[in-house]
Amino acid sequence: MSGSQGPMSGILRSWDEAAERQPAVRAVDVTLRGAGQVMFQDNPLTGLLFIIGIAWGAAVANMPAVAVGAVLGLIVATASATLLRVDQGAFRSGLYGYNGILVGAALPTFLGVDALLWVYIVVGAAVSTIVMQGIANVMTTFKAPALTFPFVLTTWLLLLGGYAFSNLDVVAMGPPAVAGAVGPQVLDLSAQGVIESMLRGISQVFLIGDPITGAIFILALAVSSLWAAAFAVVGTVAAFIVAVVLGATTGDITAGLFGFSAVLTAIALGSVFFKPGLRVTLFALLGIVFTVVAQGALDIVMSPIGIPTLTFPFVVVTWLFLLPREDLAPTPHLPIPGHAVGATAETVSR
Amino acid sequence: MSGSQGPMSGILRSWDEAAERQPAVRAVDVTLRGAGQVMFQDNPLTGLLFIIGIAWGAAVANMPAVAVGAVLGLIVATASATLLRVDQGAFRSGLYGYNGILVGAALPTFLGVDALLWVYIVVGAAVSTIVMQGIANVMTTFKAPALTFPFVLTTWLLLLGGYAFSNLDVVAMGPPAVAGAVGPQVLDLSAQGVIESMLRGISQVFLIGDPITGAIFILALAVSSLWAAAFAVVGTVAAFIVAVVLGATTGDITAGLFGFSAVLTAIALGSVFFKPGLRVTLFALLGIVFTVVAQGALDIVMSPIGIPTLTFPFVVVTWLFLLPREDLAPTPHLPIPGHAVGATAETVSR
Amino acid sequence: MSGSQGPMSGILRSWDEAAERQPAVRAVDVTLRGAGQVMFQDNPLTGLLFIIGIAWGAAVANMPAVAVGAVLGLIVATASATLLRVDQGAFRSGLYGYNGILVGAALPTFLGVDALLWVYIVVGAAVSTIVMQGIANVMTTFKAPALTFPFVLTTWLLLLGGYAFSNLDVVAMGPPAVAGAVGPQVLDLSAQGVIESMLRGISQVFLIGDPITGAIFILALAVSSLWAAAFAVVGTVAAFIVAVVLGATTGDITAGLFGFSAVLTAIALGSVFFKPGLRVTLFALLGIVFTVVAQGALDIVMSPIGIPTLTFPFVVVTWLFLLPREDLAPTPHLPIPGHAVGATAETVSR
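Residue numbers (this note's numbering), protein chains in the order written: chain A, 1 to 350; chain B, 351 to 700; chain C, 701 to 1050.
Hint data in this document are derived by calculation from the structure and do not stem from the laboratory.
Keep in mind that the hints are not guaranteed to be accurate.
Said to hold, decoys possible - If we take Cβ atoms under 10 angstroms as the criterion, some of the chain C residues that face chain B in the derived model are:
(1) Thr840
(2) Thr854
(3) Ala864
(4) Phe983
(5) Val1041
Note that the structure is predicted; figures quoted are calculated from it, not measured.
Even glycine gets a Cβ: it sits at the ideal position worked out from N, Cα and C.
Sequences and hints are given; from them, build the entire structure.
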């Protein structure tokens, strides 16, 4: 699945060699790979296309701060990793950048843009790198990846500050409220409407609601891994269908808000953490279905505190689906040896 | 504590031999043990009696879907485990069934019964087996069991879907609301009223509020382990007293809703994970008291999102009480070696 | 940083020798060290001064139950550890007392004082010791300390009981409500006002809002570690500034409620878990800034259930900042070997 196997492999190989020799190229290379790793691609061209897609979507929505914030967050997070003592292989593959780009895209999406916000992005992106290494410590114990949880946790705390602090403005989330009833679905089921909704499901991985951005993202995946591109499409199509069948909120489906977590689950389970195949595809489909359920569920959980789920539905379902191991026997329902209360001196009486 | 030591050991031994020889009998055996493991009993007769108790309670309440759902969930969860590569000893003892039966009993209890619900139960039960193996990966690291957390987590997400999706109906929970004041207690303290409340506390382990079901469950435990049956009774009696002393809501006490988690804590701490004895009994009693507190507390935590605690009060208290180990020194309040910021190159100045 | 290096080292050395010889002195010594460990000081004089500071603050506020509860909680938690099989070195350094003193100070702060409350404190303090050993099991796996999370978790459950149980009265928290808008800041920015607010930020570590108590706590730290005292001051000053810049609620800033978690983060990151130095100080400052954000954020998270954050902002940020390790490579975005679904029999097709 590495970039050197995909299309455009010649150009990428020259780039890889330049990155090996020249520190400046290497810095750009690592930074772009950080963007690519949001969808698990250790590929600088994928990262570049992701940034182009973000820039397009931000321009269409007249929200340039989202694109600027994304790049700023990516650079700050990547640079912060150079100040920590981290594994160089992981660093070179962009694993310390992908949370930062998401922090930088999310904050201007939900909070008002002013001078304080840029400071907030810098602090948040730097913290996201620390949190990445911390969560990796925990999850690597269980042989599972950190996924985007460092982004989710860091950004949740920062976004909640929008309610707690009067110098930060909330512009596109909340207000905090207990959940109410869901209205009936009134979907645009024309071919164009459906396809645009599905493409938005892919673009929303970077918090962009734009079909063309979604198409660019598919291309970005394809240059790195055709399987990843295919599973992104499978993810958004399946999520759309499941959300319609369950009766999810019309506006959220159309905006792609039931798609992005499912897209990440699909790529992760279908093409990244397992070798693609029939058995794995069925497993991934079950994961997609449950990600849509988790998206609806976590929307309700978040409503009293007025913040978005971000990619947490993906994180929780993909963690649950990645954690099972074949070499593992659950702790049996029998006396535990070595407990602090224990029964070392007790006799078994019955 | 295994079945072959209990009453009716002759019949069970013949059954065990048949299960060894014939695949069909073995499939039934494993499935029934899955039911038994809800209360930690690796015993097919216990499982069968649990199912009979559920069927009785569902019939009395005119909610047959609860019993059908429970059996469906049990079968689907057990069958799903055969598709994963899991430890065969754990599988044979029913550890991949007990979460599924609870998912299948819970969904028709709280959501409206229609065609979509049955699909939902199948998906949920299958997912509960994946989650079981995932949570076991995490908890076995700490030498602790998964308990019913796979059921709790899976079912919470599914139940929240009732608020998020218009094609799922919420019939017996919520609505989401911030907690209000608790009224004064007006308890039926007649002997019959008290005993029925206590028996309901046992029956509610399977979400049934019926005294006769509670009595059947005690019998089901007794055929496997007299200690387990005794601690189930200790758990519900102690929980009733503590809930009355603290001033818990009358209706919840009468319905047995302060009992079921305490019953599970009592069986787990008193008879399963430690060898029964005086010291262990005192430890279990402290656990029961704190489970009642946790039940009240988590009722408040859940109220803004309108879902029941399920057995989470039991899970959180029993985990906390099982995790302490005698061979363990807490991380001291001293410089941490090998940290990513670290101070390898720093000198101590003071 | 141990007590024998600080001022008053002669007296402390005599005390240490007496504690070695005489069981009664040793019991007092261990108990006092438990108080000192709330701010990470393995020093009985620090602990004694902390208790004096609490007594002063409780007297000024006419809330003697806070001081009595603190001492009761400390004694019960420490004594409970002697009933468990725990590491003797950790026990002797007071690691099984610091959560209990906080439980005992917190419950009379927020709940009405009556006979049931004292039972509640005893149960809570005993449970806090069990939870300490349990959380230590989990966190030591990741080479991180339990911090005050055992106190936070235990006390949250107990405080929520105030809403669930009619025989416990809530007097100084809540009511549960979804978060509203924050008003403009109207701060007293006189030198005295600012200094008093900052001192209260230190005193609030033990839930006391009193400047003199804050000053006593600085002294208590200084007799053990000048670095710890210095970082306590750095923590409260920096937290005050960050809270003002962000626009936090006036009343909370003045009462020191944005200070206490930041003070603990500052001591922990600046002087305890790393050797003090420039690099570590910058790391601690980032931690302090993020603790203030987390304090505001978690205030919002807690509002629908009407309980205080306690020291959880400190716990979550300090955990995140302590977990990163230099010898650790995050799980890469590649197929996971040994998964229960796995792809052992699959071929890579592309």
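Hints, verified against the model:
Interface hint status for C:Thr840: upheld, as the beta-carbon distance to the closest one in chain B is roughly 5 angstroms, under 10 angstroms. The criterion of a C-beta within 10 angstroms of any C-beta in chain B is met by C:Thr854, whose closest approach is roughly 9 angstroms, and the hint holds. Against a cut-off of 10 angstroms between C-beta atoms, the interface hint on C:Ala864 holds, since the closest Cβ of chain B lies about 3 angstroms away. For C:Phe983, the suggested interface contact is upheld, since its CB lies about 5 angstroms from the closest CB of chain B, less than 10 angstroms.
Evaluation of the C:Val1041 hint against chain B yields a held restraint, the C-beta minimum of about 6 angstroms falling below 10 angstroms.
In terms of the numbered hints stated before, the structure departs from none.
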